[in-house]
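Going line by line, the protein sequences match chains A and B. Under this note's numbering, the residue at position 115 of the first sequence is numbered 115, and the numbers go up by one with no gaps. Under this note's numbering, the residue at position 193 of the second sequence is numbered 193, and the numbers go up by one with no gaps.
Everything labelled a hint here was simulated from the structure, so no lab data went into it. Values in this document were obtained by computation on a predicted structure and should not be read as measured data.
Below, simulated BS3-like cross-link-like pairs (lysine-lysine); rule was C-alpha separation at most 30 Å, straight line:
no.	chain 1	residue 1	chain 2	residue 2
1	B	K172	A	K65
2	B	K164	A	K138
3	B	K172	A	K139
4	A	K120	A	K139
5	B	K164	A	K120
6	A	K120	B	K172
7	B	K167	A	K138
8	B	K164	A	K163
9	A	K139	B	K167
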Amino acid sequence: MAYLEIRGVDKSFERAQRAAARSSGRLPVLRDINLAIDENEFVCIVGRSGSGKTTLISLIAGLLKPDRGEILLEDKAIDGPGPDRGVVFQNYSLLPWMNVFENVYLAVDAVAPDLAVSEKRERAEHYIRLVNLGAAMKKVPRELSGGMRQRVAVARGLAMDPKVLLMDEPFSALDALTRGTLQEELGRIWMETRKTVVMITNDIDEAILLADSIYTLTSGPGATLGPAVRVETAHPRSRAELNREASYQRVRRETVSILSRAGKITTADSTAQRQGILVN
Amino acid sequence: MTKRIDFAAMVLPMMGIGVMLLIWTMISTTIAKDLPSPLKTWEESKLYILNPFFKDGEMNQGIGRFAFLSLIRVAKGFLLAIIIGTPVGFLLGLSGVFHRTFDPVIQILRPISPLAWLPLGLVIFRQSEPAAIFTIATCAMWPTVINTAVGVRSISPEYLNVGKVLKLSRLKTLRRIIIPGSLPYVFTGYRLSLGLAWLVIVASEMLTGAPGVGGFLWQEYNSLVYSHILLSIITIGLIGFGLDRLMGVVERRFKTA
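Just chain A, same shape as in the assembly:
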């Protein structure tokens, strides 16, 4: 039995008013999504911008409800958001009126209210140090760089000690160098915690560096998941090592080919395609 399972999920949105006048009905975003994830597995879902990646992660988080189908965590249907699914949002979503420690402590306090205050403090500090921000505990988000903010968001997600950590393009807003560092760091942290992770990304190399399985999301509207590509290389991986490995090239070719086939089915406009992942 899979740990996290998505069964036949459809999701559509109400069309914008003016569009609704022309073509009635709803805009399908995701259709027939099926996914089974094992415990302690690191799964990446890659897809182009606008293919419904964020919608998918919001569905797993419970922030959105599927029109059809169901999502099960440990065989229990998900009904609304909850701390068993920690979320690292794309835009960090740190509370700007709280410092780093307070942001993480809020999460610890919310999921483990019965712990002694000293234990909660210790747990918050532990995760902040895990993301190498021990020196920035008392800083507010405004004083941090984008990379540091995203570390705090990761620390907050981990500090909830969730069953599944959901990450929505966590590094997409960062510059290439910072992104590279954080990707390798996330790999190290994952080795230490072995959380079940679902990460959304538009960067194939990021997916290959981190994931055990890579799924591709076809272009919307009405996107669906392609077959899984397994990455068998042992953790921890480093970018330099991967480049030398033959399996890396094979995985990359497979993923790209699934994605480009997915692109042909739909009529995504050419700019979106050019900005898409194939360029990376």
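Got chain A sorted already, so can you dock chain B onto it with the hints?
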């Protein structure tokens, strides 16, 4: 470089004031012979400015004393306004039902002039002092109510999603996310409310004859001491300016993002 900034910051406002004084002098020497010139105003007001805290009877006091009395009255009215206005604003922002129920009432009450509220206050309280404070509070409340409601409604859904994922209780969501998230708006409301409260003080003191800058202004008009009208006007303006600056500093302190 710094000299040029000093020039812009110091000399230009002085020039602006100079132009105003010039226009004032011109009007007082040409069209309005009853209007005292700046110099005459200074001569006749010196006593009130140089000894701002003398007291020679209820309606003959230094301008500092009058200003103090007015400020106390404004402070009471303003505090009442924000004590009532803040929770009302939060309710409006949080509850769709509350908003649909009371928003029309608020929109109708909002444009009513202090001159209309004051007689009602006198009918209700039968005393001028509580009536004045009632008027100030009623008029000054609306910016706080409306800005607070807007602040609550404009909290980023991202922050609310954090609360949802953490399954924070309603009380915790309010304390940790909604209140701190809307504080910048709330304080903008407070600043506008304080400005309105100070605007209303003159009207309410004129009608009730209470000792204060507004009461003094009206009394001196009736006693034909026109220079003291100008003294009162300038005092009102300066204090209003000072209050706004003060609230601006407080407001900036609460700007987070």
